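Peer 1: If you want the building blocks of each chain, they are given just below.
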Amino acid sequence: MSLASSSRESSTPIYFDNGATSFPKPPAVWEAMSQFMNQVGANPGRSGHRLSIEAARIVYNTRESLARLFNLADPLQVVFTLNATEALNLVVKGLLSPGDHVITGAMEHNSVMRPLREIEKTGVKLTVVGCSPTGELDPDDVAKSIRTATRLVILTHASNVTGGLMPIRDVGRLCRQKGILFAVDAAQTAGCAPIDMEADFIDLLAFTGHKALFGPQGTGGLAIGGQVEMKTFKPLKQGGTGSRSEYEIQPDFLPDLLESGTPNSVGIAGLGAGVDFVLTETPARVHRRVSMLSLRLINGISGIPGLGLVGDPRPERMVSTVSFNIHGFSPSEVGLKLDDDYNILCRVGLHCAPAAHRTLGTFPQGTVRFGLGYLNSESEIDYAVAALAEIARGGTTAMLLTPEQL
Amino acid sequence: MRSSGFGVITFNSTSHAIQAEKICRQRELQIKMIPTPRKLSSDCGISLRFDWHDREVVLAALAERNVEVDLVAALE
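So the sequences go chain by chain: V and B. What the first sequence shows, in the working numbering, is residues 187 to 592, in sequence order. What the second sequence shows, in the working numbering, is residues 1009 to 1084, in sequence order.
It should be emphasised that the hints constitute simulated quantities derived from the structure, not laboratory data. Just to be clear, a hint being listed does not mean it is correct.
[Stated by the list, open to error] Some chain V residues well away from chain B (every beta-carbon gap over 10 Å; in silico):
id	residue
1	A242
2	E250
3	P261
4	F549
[What the hints assert, rightly or not] Covered stretches of chain V, going by a simulated chain B footprint (3 or more residues, C-beta under 8 Å):
id	segment
5	226–233
6	312–324
7	480–486
The structure displayed is predicted, hence computed values, not measured ones. Don't be surprised by glycine CBs; every beta carbon is placed ideally from N, CA and C.
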């Protein structure tokens, strides 16, 4: 009996798509959401009754937990958005004006690239700094691209294709020395890699709630450092904030300046529980564990004939995302085999990052991507390694065991 | 005008008000969050009610943590 035929009976899928969204979530997350829906339910900051105040407390506590996680002094500088994409749009469209120059790297996700390409049409100048064929960015290349009009450098913290970490502290220090704003896309790292807005010189940190922070989809935000001049920040939208209601113009203070309309309070309640889960486990332990799981996967698949890892495989250089291809198969064929025959769920293709795949030489076919998470187990990794070996051999039969049997 | 013995602090936003509430509760000050009195603001927000005797302690606690305060008033 092959690994493939034996695993079909197993009902619980092995979830390796945490780079897209984490699953499962710690029970505290959906418990907090259920409690909010059943027992709180009210609109935070709109009314003065006790349930409205309780809703506002839950939203505030989530800001406070995020500020602690990112080492940001003032929790009111955490602004909630729908996702990291909205936060990144806010940075690009809220801070750049015609004539400004902005720098990014060649490993970016479309959540950075598309807003930048859009604002380029308005007369903002864009420089995309090249990266090595394994996706590394040299901070000196950023330094060489700086002009007098450079207002912003925006970089991903880790590639969503290779998991490769960017030298954010070096680039941040450079930006701070030059008086340039530094924005970081932490979609892949918030919750599973160390982020310190002070030590890393980050002025604007865009995060998503539903990946390594374990919140539900529809949560995310922007953490804004004290260096950012709010007078120059243009909101993407205006509207009701529950504050300064006598005025028909938008308040000029955070978080209300950038948060119009009723927030996703139930989602933010879940996000708060997810961030508290990370803080309790400790970010250092989470990072150690996902690094260990990545290393186990890399070590396991490195020896498989016909399997090629994409990116820099040194585990200290990457977070929990691993990309590869298997000779003779398209990424989508591998993904379908993993899903149908081995009960393993992952993501294949371009991962919304065409620039990164051009850099890595994997455009347009893309890669197979395993997005590991804190809640994955060693036996799941070992099983997946065996499955990939079987696929690479052309699906020959072998006596292999499911994770339950291991 | 008869004094209630309470004071009230208004804030720029609900987020500031909740921040202030949390700081006061951590110091075990006797406070209550109430809808902002109509006379103080046309706003729909919430305010922090405190014992007038604790005025200096409350304001010092908020100042120490850099919480922005809008208005401080005695409650009728």
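Peer 1: Now tell me if each hint is right for this structure.
Peer 2: Hint by hint, here is what the structure shows:
1. For A242(V), the shortest C-beta to C-beta distance to chain B comes to about 5 Å, within the 10 Å cut-off, and the non-interface label is violated.
2. Not every CB of chain B lies more than 10 Å from the CB of E250(V), the least distance being 8 Å, so the non-interface label is violated.
3. Non-interface call for P261(V) relative to chain B: violated, since the shortest CB-CB distance, roughly 7 Å, does not exceed 10 Å.
4. Interface exclusion of F549(V) from chain B stands, the closest Cβ pair being 44 Å apart, more than 10 Å.
5. Coverage of the segment 226–233 of chain V by chain B holds in this model, with 4 residues showing a Cβ closer than 8 Å to a Cβ of that chain against a need of three.
6. For the segment 312–324 of chain V, the stated coverage by chain B is not satisfied: 0 residues place a CB nearer than 8 Å to a CB of that chain, which falls below the threshold of 3.
7. Under the rule that three or more residues need a Cβ within less than 8 Å of chain B, the assignment of the segment 480–486 of chain V is violated, with 0 such residues.
Violated hints for the displayed structure, listed by number in ascending order: 1, 2, 3, 6 and 7.
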